[in-house]
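**Q** Take the numbering used here: the last position of the sequence shown gets the number 139, and nothing is skipped along the way.
To be clear, the hints were calculated from the coordinates, so they are not data collected in a lab. We treat Cβ as the ideally placed atom computed from N, Cα and C, and that holds for glycine. Don't take each hint at face value.
To be verified - 20 Å max Cα-Cα, derived EDC-like pairs, lysine to aspartate or glutamate: (1) K92 - E62; (2) K40 - E62; (3) K40 - E30; (4) K40 - E7; (5) K92 - D68; (6) K40 - D9; (7) K92 - D111; (8) K92 - D57; (9) K40 - D68.
Unchecked claim - Beta-carbon label-pair distances, calculated as ranges: (10) L53 - N106: 11 to 21 Å; (11) Q47 - P10: 12 to 22 Å; (12) D18 - A96: 33 to 43 Å; (13) Q64 - S105: 18 to 28 Å; (14) A43 - R108: 26 to 36 Å; (15) L55 - E102: 24 to 34 Å.
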Amino acid sequence: ERVVFVERDPRVARLIRDNAVDLGVSAQVEVLCEDVTRTKGQASIVQRGPFSLVLADPPYREVQAAVDAIATLSAHRMLASDACILLEHGTKGAPALPNDFEVISNYRYGDTAVILFVPSASAPARESQLPGAHGGQPT
Numbered sequence: 001e002r003v004v005f006v007e008r009d010p011r012v013a014r015l016i017r018d019n020a021v022d023l024g025v026s027a028q029v030e031v032l033c034e035d036v037t038r039t040k041g042q043a044s045i046v047q048r049g050p051f052s053l054v055l056a057d058p059p060y061r062e063v064q065a066a067v068d069a070i071a072t073l074s075a076h077r078m079l080a081s082d083a084c085i086l087l088e089h090g091t092k093g094a095p096a097l098p099n100d101f102e103v104i105s106n107y108r109y110g111d112t113a114v115i116l117f118v119p120s121a122s123a124p125a126r127e128s129q130l131p132g133a134h135g136g137q138p139t
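Work out the full structure: start from the sequences and follow the hints.
**A** Dropping the structure here:
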């Protein structure tokens with residue numbers, strides 16, 4: 001197994017790499033210093049897919065751009081057929097998901113909200129396999 005981090009801030013990308021070294025997992029970690037909303041960054045990500053789990057924690061003011069980028073990447077087969085996407089966002093200004101995705105769960109933690117969603121075609125098969133989330137309140 002491997003993990004691919006995508007971080008546009010070079011300082012944060014370097015910190016992720018350093019932490020992977022400190023934890024002894026650098027062989028399983030790749031850090032892309034890219035902007036997921038840009039064509040160059042998307043091309044770099046697509047080359048490393050498909051991915052079965054995507055965790056997205058964009059700046060809250062840019063959450064819709066992140067959703068749009070995930071949809072674009074999905075159209076380029078970035079997601080595995082059984083993919084699951086978790087998106088963190090602020091409780092104010094929830095993003096609109098394209099019809100290509102189906103929401104499995106929504107959770108709220110104070111001023112933070114989390115959406116768990118899947119590509120529409122895999123939603124029915126995944127729903128029963130997902131473990132229950134703990135600590136949050138369903139919305």
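**Q** If a hint holds in the structure, say so; if it doesn't, say that too.
**A** Results of checking the hints against the structure:
| no. | hint | verdict |
| --- | --- | --- |
| 1 | K92 - E62 | holds, 12 Å |
| 2 | K40 - E62 | holds, 18 Å |
| 3 | K40 - E30 | holds, 17 Å |
| 4 | K40 - E7 | holds, 13 Å |
| 5 | K92 - D68 | holds, 18 Å |
| 6 | K40 - D9 | holds, 15 Å |
| 7 | K92 - D111 | holds, 8 Å |
| 8 | K92 - D57 | holds, 15 Å |
| 9 | K40 - D68 | holds, 15 Å |
| 10 | L53 - N106: 11 to 21 Å | holds, 18 Å |
| 11 | Q47 - P10: 12 to 22 Å | holds, 20 Å |
| 12 | D18 - A96: 33 to 43 Å | holds, 37 Å |
| 13 | Q64 - S105: 18 to 28 Å | holds, 20 Å |
| 14 | A43 - R108: 26 to 36 Å | holds, 35 Å |
| 15 | L55 - E102: 24 to 34 Å | violated, 18 Å |
Violated hint: 15 only; the structure is consistent with all others.
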